[in-house]
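Q: Protein chains in written order, with our numbering: chain Z, 48 to 449; chain D, 751 to 1089.
Keep in mind that the hints are not guaranteed to be accurate.
[Stated by the list, open to error] Below, a list of computed lysine to aspartate or glutamate pairs in the EDC-like style, where the Cα atoms sit at most 20 Å apart:
#1 D:908 / Z:67
#2 D:997 / D:1073
#3 D:1011 / D:1063
#4 D:787 / Z:443
[Unchecked claim] Cβ-Cβ distance ranges computed for the label pairs, FRET-style:
#5 D:1077 / Z:442: 39 to 47 Å
#6 D:769 / Z:61: 20 to 28 Å
#7 Z:61 / D:857: 25 to 33 Å
#8 Z:94 / D:784: 55 to 63 Å
#9 Z:374 / D:949: 23 to 31 Å
#10 D:952 / Z:51: 52 to 60 Å
[Said to hold, decoys possible] Here's a subset of chain D near chain Z, in silico, CB distances under 8 Å, partners left out:
#11 827
#12 838
#13 848
#14 855
#15 858
#16 863
#17 865
#18 868
#19 877
#20 880
Simulated from the structure, these hints should not be mistaken for lab results. Even glycine gets a Cβ: it sits at the ideal position worked out from N, Cα and C.
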Amino acid sequence: MSLRNIGVVYRKELVDSLRDRRTVISMTVVPLLLFPALTLGMGLLGATLMSRAKGEVPLVMVVGGEDSPRVVEALKKNQKIEVVPGSADFADQVSNKTVRAAIILPKGFDAAAEHGEAQTVGVDYYEGDIKSELALDTAETSLKDYRVTLARQLVSERGVPGNLVEPFKVEKTNVAPPEKVAGSTLGGLIPYFVIILSLTGAMYPAMDLTAGEKERGTMETILTSPVSRTDLVLGKFFMVLTASLATALLSLTSMAVSFFLARNMIDKLVSEDNPTVHYAIDPVGILAVLLMVLPLSVLFAATLLAIALFAKSFREAQTYLSPLTVIVIMPAVAALLPGVELNTRTALIPILSTTLVGKELMAGNHPWGFIMLIFLSSCVYASLAIAAAVTMFNRESVLFRA
Amino acid sequence: MAEPLIQVRELSKHFRTYHRREGIWGGLQNLFVRDYKTIAAVDRVSFTIDRGEMVGYIGPNGAGKSTSIKMLTGILVPTSGEAVVNGFVPYRQRRRYVKTIGVVFGQRTQLWWDIAVIESFKLLRRIYDVSQSDFDARMELFNSILGIKDYLNTPVRKLSLGERMRCDLAAALLHNPPLLFLDEPTIGLDVVAKHHIREFLREINREFHTTVLLTTHGMDDIEELCRRILIIDHGKVLFDGELRELKQRLLRTKQIKFVVKDRADGEGLSRFAVDGVELQPVDELTYRFRFDRTKVSAADLIRQILASVEVRDLLIEDEPIEEVIKRIYAGEATLEVPA
């Protein structure tokens, strides 16, 4: 192995790639355009949908309230729902979304309630429909409030202090720093995108430098030069890694810029329900994510090279590499699922571990033990992949596959 | 006598391949069951080449020429046998060895596609450890013979085939190797470009005593450049000797193609197809005579025909190399491998 020769090969591949429009486009234009478009588009869509859902006052049907005007009156006081009189086909109406929820009162509710008899109030709603779930929430809150008022009235009539019904209150205060809240929502997404892009950025050069070179017929000639095959593959590997990291770095930059530009919009979205929360991203967190993605990029670059080298043509290489995107996306998506958490087992699964630790880093947490474990395990996987690529390059049956 | 520059003994290269069945059903079968077979691309080839020789390594497509060159340049490891070139075993001491050889593959290039020619040269200079002064001197020389100065700053993909081949030759000779391997150097080139390349090869052979082993499947390169040829087919050396001798012994058949004015003239030609002269119609107005040139004089035949038939055009051809190889197989020639 000679560092000088690796350097010569690397320089050659770098110069060659920079002259190739396709590489430059996949490396720069895609991340630079994708993120602003994605952020702005998704932000706008989300904002529009949310405001529309919130702007509409859901219709809630009260069934069987004819003999219980007091409870109906209490429900009508809530401005967030519009109470409509009941009809027999309430269940169908909830399904058809003509009303968003239906409150089913038992016969003689008011009368029974005054005597403190135990009864059940049903609420029909449509799970999965945001508007119906909002209506359910509001109806439930109204009913609970009415329950407390009723209880208070009942106990005070019997000469017992009203406080007894509600011996204590619960008051919520958010102490999480703003970036932490933003981190939990967006934190999972940022490492996910960086990982996917560090893969796609490496894909084109990996194919071009191996199968592409075979196809153009320049592979044999470089093999006749006094550069050892190991130096050759390492030079190529560093080029693919450069492309991968450049794509990741550019995408992070572009993401940061577009988030900054769309900040107000997103801020409004996040803080509407919770005015104490503000949208922010921790720059140290982003740098830490990049550092954690580094061994993963090495793993991608080496794996892509080893696989693409097996192909005889660019097209064949594409066939082999496209499924790889799915294989990478799966663990990255799994990390976004609720309940998938960082532990010693998940920390050893490549990609999944990096996405999980990225989520933590973006949320401002620094689980050092896991960070070390994940970095080291990723380095081990990456070295194995490099070893595989070098072995492939030294095999005649792979280089000159008939 | 000095040690030969290239010594090849019983060199073989086997490839494992499988029989591909035809059709959709065959394609499906191929996925699961494959009849593997071993093919000897090069089969126990032996020869020696001395310093300063220019040798043609010829044979039809798929004969094993390129595989031989790849073994001699250290890219492929032979299945069996041995080769010593410039005192090195190519596939074992590859990195030191390749600094003493130059290689040009006619259908490939060692210049990088998207970058300017001069940048490839500079990279090769670093790879081969050529000093700046040697590099400048050689660039000067190549420019004077090959005239490559005008397109040194052009990316390779924009060069014509002829221009690229000149640059490839210059690239292969940057480190002044005593031995040059050329695989189909004139393939696809026009007459003028071919001429330039041949001139250059003669020049470096004369000036620097560069030994040249070139493969080709046409005879014209060989006739202009090589005194000695090796004929290879199906991985075996069929002939090793002087070109002159091959011509005397094997290229006995001459062919003359006549284009006549009308069909009646064509019928008139059939009178001359006697005494070992064969006549084959090519198309309605074109006819080919084949005859043994040791028995029939081409000049006499042409004179007689021109005297009686109205001929529009005529072309004298040698027998294609494939025909020669067929006849070697038929036992009309013996293998001549020096002991």
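Q: Each hint needs a verdict: does it hold in this structure or not?
A: Hint check results:
For the proposed pair residue 908 of chain D and residue 67 of chain Z, the alpha carbon gap of about 14 Å is at most 20 Å, so the pair holds. Restraint check: the Cα-Cα separation between residue 997 of chain D and residue 1073 of chain D comes to about 13 Å, which is no more than 20 Å; the hinted pair holds. In summary, the hint linking residue 1011 of chain D to residue 1063 of chain D is supported, as the alpha carbons are separated by about 9 Å, within the 20 Å threshold. For the suggested pair residue 787 of chain D and residue 443 of chain Z, the alpha carbons sit about 18 Å apart, so the restraint of at most 20 Å is met.
For residue 1077 of chain D paired with residue 442 of chain Z, a C-beta distance near 41 Å keeps the hint of 39 to 47 Å intact. Restraint check, residue 769 of chain D to residue 61 of chain Z: a C-beta distance of roughly 44 Å breaks the suggested window 20 to 28 Å. Take residue 61 of chain Z and residue 857 of chain D: their Cβ atoms lie about 27 Å apart, and the range 25 to 33 Å holds. Against the hinted window of 55 to 63 Å, the Cβ-Cβ separation of residue 94 of chain Z and residue 784 of chain D comes to about 59 Å, which satisfies the hint.
A C-beta distance of roughly 56 Å is found between residue 374 of chain Z and residue 949 of chain D, which places it outside the suggested range of 23 to 31 Å. The beta-carbon spacing between residue 952 of chain D and residue 51 of chain Z, approximately 36 Å, falls outside the hinted interval of 52 to 60 Å. Using the Cβ-Cβ criterion of 8 Å, the hint placing residue 827 of chain D at the interface with chain Z is satisfied: the shortest such distance is roughly 6 Å. Interface restraint check: residue 838 of chain D against chain Z, minimum CB-CB distance 12 Å, threshold 8 Å, status violated.
For residue 848 of chain D, the interface hint holds, the least distance from its beta-carbon to any beta-carbon of chain Z being 5 Å, beneath 8 Å. Among the interface hints, the one on residue 855 of chain D holds; its C-beta lies about 6 Å from the nearest C-beta in chain Z, closer than the 8 Å criterion. Checking residue 858 of chain D against chain Z by beta carbon gives a least distance of about 3 Å; that is within 8 Å, so the hint holds. The restraint placing residue 863 of chain D at the interface with chain Z holds, with a minimum CB-CB distance near 6 Å, inside the 8 Å limit.
The interface hint given for residue 865 of chain D holds, since its Cβ lies 5 Å from the closest Cβ of chain Z, which is under the 8 Å cut-off. A least Cβ separation of about 12 Å between residue 868 of chain D and chain Z goes past the 8 Å threshold, and the interface hint is therefore violated. Against a cut-off of 8 Å between C-beta atoms, the interface hint on residue 877 of chain D holds, since the closest Cβ of chain Z lies about 5 Å away. With its C-beta approaching chain Z no nearer than about 11 Å, residue 880 of chain D sits outside the 8 Å limit, and its interface hint is violated.
Checked against the numbered hints above, the structure breaks hints 6, 9, 10, 12, 18 and 20 and satisfies the rest.
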